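Trainee: As a plain string of letters, each chain reads:
Number of protein chains: 2
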Amino acid sequence: MKEPEQQPQDDSGHYLALCGGIGGAKLALGLSHQLKNRLTVAVNTGDDFQHFGLYISPDIDTVIYTLAGKNNKELGWGLENESWNFHNAMKKLGQESWFQLGDRDLATHITRTQLLDDGKTLTEATHFLSKKFCIPSNIIPMSDSPVRTMIGLKGSGFIPFQHYFLREKCQPEVDRFKFEGAELASPSPDFVSILNNPQLKGIFICPSNPFVSIDPILSIPGLREKIKAHPAPTIAVTPIIGGQSVKGPTTKMMQELGMEQSALTIAQNYADLIDGFVLDEQDANLKCDIQKLGLQVKLAQSLMQSLDDRINLARSCLDFSRSLMPTNSVSQ
Amino acid sequence: MKEPEQQPQDDSGHYLALCGGIGGAKLALGLSHQLKNRLTVAVNTGDDFQHFGLYISPDIDTVIYTLAGKNNKELGWGLENESWNFHNAMKKLGQESWFQLGDRDLATHITRTQLLDDGKTLTEATHFLSKKFCIPSNIIPMSDSPVRTMIGLKGSGFIPFQHYFLREKCQPEVDRFKFEGAELASPSPDFVSILNNPQLKGIFICPSNPFVSIDPILSIPGLREKIKAHPAPTIAVTPIIGGQSVKGPTTKMMQELGMEQSALTIAQNYADLIDGFVLDEQDANLKCDIQKLGLQVKLAQSLMQSLDDRINLARSCLDFSRSLMPTNSVSQ
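Chains as they are written, first to last, in my numbering: chain X, 19 to 350; chain V, 19 to 350.
Keep in mind the hints are simulated off the structure, nothing from the lab.
Any given hint could be a false lead.
Because identical chains share one entry, a pair is satisfied inside a single copy or across any pair of copies.
[Stated by the list, open to error] Taking lysine-lysine and the DSS-like style, the derived pairs with C-alpha atoms no more than 27 angstroms apart in a straight line are: (1) Lys138 <-> Lys172; (2) Lys150 <-> Lys110; (3) Lys149 <-> Lys110; (4) Lys150 <-> Lys109; (5) Lys110 <-> Lys138.
Given the structure is predicted, the values throughout are model-derived calculations rather than measurements.
Using the sequences and the hints given, assemble the complete structure.
Mentor: Structure below.
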């Protein structure tokens, strides 16, 4: 049955990226440019919520819009060329306005909600939308079951992620997280398949917030162990450059959790799971400390401002991954 | 307990209008200008349907938007200053595009759907929306139960009203109607209250399509009998001028049903229910024939092009109604 591969192995291997929203999606776009249909992006759905009766999946939408090249570059979220007439009409009706739904974006939410109401899974709905946006890579939810990221406020209870992130604008002090429903959730079917696919040559943890974007994915029973045990190299890309998160509350959370605001902390966080760590050139001084964790380190220009930056970082990640591949499975 | 009324009775009496969409809403607007909170508009909900998971109530929306002065005058339906970015995004996702949902209009549908999903009745949802649109009159659905107008096509089966009206653009030949669910439906609570209210001084049947706008209302068990037996005068306003319907497929349907395309046919249709008929001045030649049906006839300029036309026709209707009121209940 097994014919020898005609193509060089580098062109046939499949890759998996674990991804949150905006920061992670930038690398996912670079990887998608390089890998096309040989990339699966498993996306955090811990931020998903119901709003105005619609099922909203913020990170999946960000990944779809970004990989389609249709993300709003000015706002940093949502769709390009967006209008807000629905949003303003809802405000006039006295509806909550902390989550801004653009007129074009709404088509995504209504279509997804309709597909789910018709009995489709979140995987199927995501696949449908991805295809309509002409995305060659396979974007999948981490799970078809509900897992909800809850933010524990210092001296207080938990609030849902979107309330913390948008309604409270990340102001409250955070001291713990939980992922409701995770213990009963399974990875989505394509997530299981890709991890079982012998063509899987590398796993990337995108530069997303580890606490609220990647940990929800890893909270699904069995996934952490499966990734850890996988023969393909697992590489995390730092979301911290020069002690600052490029976007979002990562370093604010690190401070509140009593952690050093440094790429080293991120590397420590993933140390038992990964083989390699992509560190920004600015943070070269941390290289030795990260190597001491037993990790290979690649220095790269990890701030992604242009499309070229995204593609270049993706290339660095792929080169790094290939260099870490067990020798018996490397073609050259 | 009962103090004598301080106001003249004309200012304290309440009026009820039965109404479909666009044509009927024009008179309802005129009546609302005159009567403010002394008007209840009971609206056809036979056209209501679910679209993209949203509960859409086309005639209620038309009446709300018209009475709020926010209807789209160019299109003749929907909201003014509308944009279509959601609609176009849905088309790109391959969704059905025969029912155009404007970006601003969508706020109405999403809010209504949410209220219904939260367990509110259609009456409560309509009340909420009417208040947000600052409408002084009481707009109510004919029923809180589902009644669905089905159009019987000649030599074929039934299709839902919206499919006939928008998807098929009223092209197929019609030979019968049914109102699914009517036999199990009750009038909405405010509809019952207003009919039992001793202050109800007049009932108007707006110039709407009798077959698909007014008959669905009258199909609700008990309503026809209650209106017929009511001591207040019931007056129908012709939707036909010079043998033509001002808007919509009324005369096309009359032709297909083998009826004469004339205001006389409309008067005959309502003859057992009404006391008076408002006939357009153009059709003065029909006055005697309508009187022979046992009806009082008022000639009026019934084509409503301007707001003044709407108000003037409303005034004529109110004067006519007062003139038909049983003498023992008239104050002057």
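Trainee: Is it within a copy, between copies, both, or neither that the alpha carbon of Lys150 lies no farther than 27 angstroms from that of Lys110?
Mentor: between (32 angstroms within a copy, 8 angstroms between copies)
Trainee: My question is about Lys110 and Lys138: at a cut-off of 27 angstroms on alpha-carbon distance, are they close within one copy, between copies, both, or neither?
Mentor: The answer is between: 20 angstroms across copies meets 27 angstroms, while 34 angstroms in one copy does not.
Trainee: Since the copies are identical, ignore which copy is meant and state whether Lys150 and Lys109 lie within 27 angstroms (CA to CA) inside a copy, between copies, both or neither.
Mentor: between (30 angstroms within a copy, 11 angstroms between copies)
Trainee: Which holds for Lys138 with Lys172 at a C-alpha limit of 27 angstroms: within a copy, between copies, both or neither?
Mentor: neither (39 angstroms within a copy, 37 angstroms between copies)
Trainee: Which holds for Lys149 with Lys110 at a C-alpha limit of 27 angstroms: within a copy, between copies, both or neither?
Mentor: Between. Shortest inter-copy distance 11 angstroms satisfies the 27 angstroms Cα cut-off; intra-copy 35 angstroms does not.
Against the hints set out earlier in the document, a violation occurs for number 1 only.
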